[in-house]
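Residue numbers (the working numbering), protein chains in the order written: chain F, 1 to 557; chain W, 558 to 692.
To be clear, the hints were calculated from the coordinates, so they are not data collected in a lab.
Just so we're clear, the structure is a prediction, and the values are computed from it rather than from any experiment.
Where is the CB? At the ideal position from N, CA and C, for every residue including glycine.
Don't take each hint at face value.
Stretch-level coverage of chain F by chain W, calculated; a stretch enters the list once three of its residues show a Cβ under 8 Å from a Cβ in chain W [unchecked claim]: (1) 39-50; (2) 114-123; (3) 129-139; (4) 328-338; (5) 448-456.
From the derived model, a few chain W residues whose C-beta atoms are all more than 10 Å from chain F [stated by the list, open to error]: (6) Arg563; (7) Leu571; (8) Met579; (9) Lys583; (10) Glu630; (11) Gln637; (12) Arg641; (13) Asp642; (14) Ile663; (15) Ala674; (16) Arg687; (17) Gln688.
Result set (DSSO-like, lysine-lysine): computed pairs, CA atoms no more than 27 Å apart in a straight line [to be verified]: (18) W/Lys583 <-> F/Lys451; (19) W/Lys598 <-> F/Lys447; (20) F/Lys491 <-> W/Lys583.
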Amino acid sequence: MEENDKIRQAEEEWKKDKERWAERRDEFVSDAGIEVKDLYTPLDTEGIDYLEDIGFPGQPPFVRGVYPTMYRGRLWTIRMFSGHGTPEETNQRWKMLYEEGETGFSAAVDSLTFSGVDPDQEVEGAAHEVGKEGVPLFSIRGMKALAEDLPLDKMSVALVVEPMTSAAITSMYFNVLKERGLRKEQFSGTTQNDILTMTIGYIPWGSLRPADLLKLACDLIEYCTAMGEAPRWNPINFTTYNYREGGIDAVQEIAMGLANAVAHIDELLRRGWKIDDFVHRLAFHLSAHRDFFEEIAKYRAARKLWYRLMKERYQPENPDAYRFRFHVQTAGSSLTAQQPMVNIIRTAYQALEAVLGGTQSLHTNSYDEAICLPSEESVRLAVRTQELIQEETGVASVVDPLAGSYYVESLTRELEERIWEYFMRIEEMGGVVEALNTGWLFNEMSKAFNKRRRDQESGRESIIGVNCYVMEGEDPTPPFRTNPRAAEIEKKRLADLRAERDNAKVSVLLDQLRSVCEKRENVLPVVRELTAAGASLGEITGVYREIWGIWQLPFVA
Amino acid sequence: MDRKIRVLLFKPGLDGHWRGIMTVSKALSEAGMETIFFGFKNVKGVVEAAIQEDVDVIGFSVHSGAHLEWSREIVTELEQQGARDDFLLLIGGVFPEQDHAELREIGIDGVFGPATATQDIVDFIMERLRQREAV
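Produce the entire structure from the sequences given, and follow the hints as far as they go.
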């Protein structure tokens, strides 16, 4: 204490001395609106107890990382989100990424697959979008083509699909793994399976009601983990990245993620499972945005809050349940179509945030993503960005190197408090499903996005190439084009399948699915049989829509 | 213009990247226009609604890479309903600059790529509608 008094006194004197020096701006604030002081000293970390509040890596409260050795033991997974054209073309891209040093796969699906619509279905314009934004996966045949000759026994796959299609797509993949001779204990990967992504981030065509999405998400968690059908699979990652892309800040990002996780946990407990039956397999997918130190502090605060949530509310016995594991994606919304090469620099700093923040896996965006899907050249550079951090910077040699920084520790504490407060607000209004039903969450997102737009257009938030350092007469970046014949190819693939499969069997199974949906039983067992029998994605999702109806969004934009 | 400018905005197809067009909707209403945001709507329905509601501007947003296909479809539908010249037609979203000329050739009046300032869209609408009134 005496020491701090001395510092306080010295700081007063320093401030007097400083008065003669002007500052660039009247105020400095973080992305989440936290006031940034000129200087941080031991006074800003007063009251933080090292052992209690920070501790050691791999030990509670896990601020310094979820494993004791972190990157000294094992580097993060280089997992690039990728998909375009046809499954065969995506398979080629994945092989290229593997050759370039990628260590995990991640499937970007097209808007039809995301919405659970077949290319030959009577949905206006569906065929225009086949293979444009991702890989089309309408049946087990597409999945097989995607997976061909890839080392799926060694490399895990992230299936970036949401509850509406998670059962169908994941079970197609499981069926392919099984055909390859893998045991269910060897199935390794993640299904995104996040309900908020579909309700506040990206609004797919014909989405289901929040409560029905929650049911489907929990069905997969239950099937894989609690029922033991894929014990090493991560049946969900709460994708705060997608909500963040909608304009919210770091505090809202983590708070919404935690509230979403609580909704799923409580639903599974209501179904009669114990916390230890499933909680150790829940994972997160976070954003790495613009504010360097705030993002690093965010990862540290998130780990601590997860630990707190587990300890105070659920008390699992499995020590793994207390470890907040996450994947990071650099911020797509921070990229610009102007001077796209500058995106390489943005992405590199954001990747460094993720690494200094202790991520388990990382996607780095390609420089052309504000214009089109990544070209081979741009995605190769994005992989190199991660390899450079691993091989040339030395930052992976030390665990949580920023710990003890007066700024980082005080920011971690500040974020922790603010996130908890926002999380409790959602809890008090009845949790995420209720906050979705009333439109509150959607409006929070809209408000945040509009504020961001005003800040950018007024120049309050600087963006190189857009509102400062603008270049006139730039040469446009050559765009990467996806296969224009993808729709035709996929329609034929489906037509062949429908002609060759046992249609009577599919029809019986679809009736079973109807009955399962009516009784609100777990859809996975019958969906898995359906996909094995060659049922299409649209047929399966169509049953959900038929039985449960679609959601009328309550938002007020 | 004495009366309020009326704008109808929508997302064609399945692509659920709504944030951009909702932001434009907000910005246009902040600029004093009356905006109707339709969300997903079929092209025929949109054109019928635009005629019925007597709007000045139809705007849509494409992030899926299907901007050329959607533009052709919308222009064709407007022509079929004999209403091509009744509206200012705008597209926004993520697509390459190399496609801007083709989008204009197809018949889109205003083409707004990524990171367009919303003020530019407001100015464009005002300017074009003023020109029309002057004719």
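Outcome of the hint check:
no. : hint                  : result
1   : 39-50                 : violated (count 0)
2   : 114-123               : holds (count 4)
3   : 129-139               : holds (count 3)
4   : 328-338               : holds (count 3)
5   : 448-456               : holds (count 3)
6   : Arg563                : holds, 17 Å
7   : Leu571                : violated, 4 Å
8   : Met579                : violated, 5 Å
9   : Lys583                : violated, 5 Å
10  : Glu630                : violated, 7 Å
11  : Gln637                : holds, 15 Å
12  : Arg641                : holds, 20 Å
13  : Asp642                : holds, 24 Å
14  : Ile663                : holds, 14 Å
15  : Ala674                : violated, 5 Å
16  : Arg687                : holds, 23 Å
17  : Gln688                : holds, 25 Å
18  : W/Lys583 <-> F/Lys451 : holds, 11 Å
19  : W/Lys598 <-> F/Lys447 : holds, 24 Å
20  : F/Lys491 <-> W/Lys583 : violated, 39 Å
Checked against the numbered hints given earlier, this structure breaks hints 1, 7, 8, 9, 10, 15 and 20; the rest are met.
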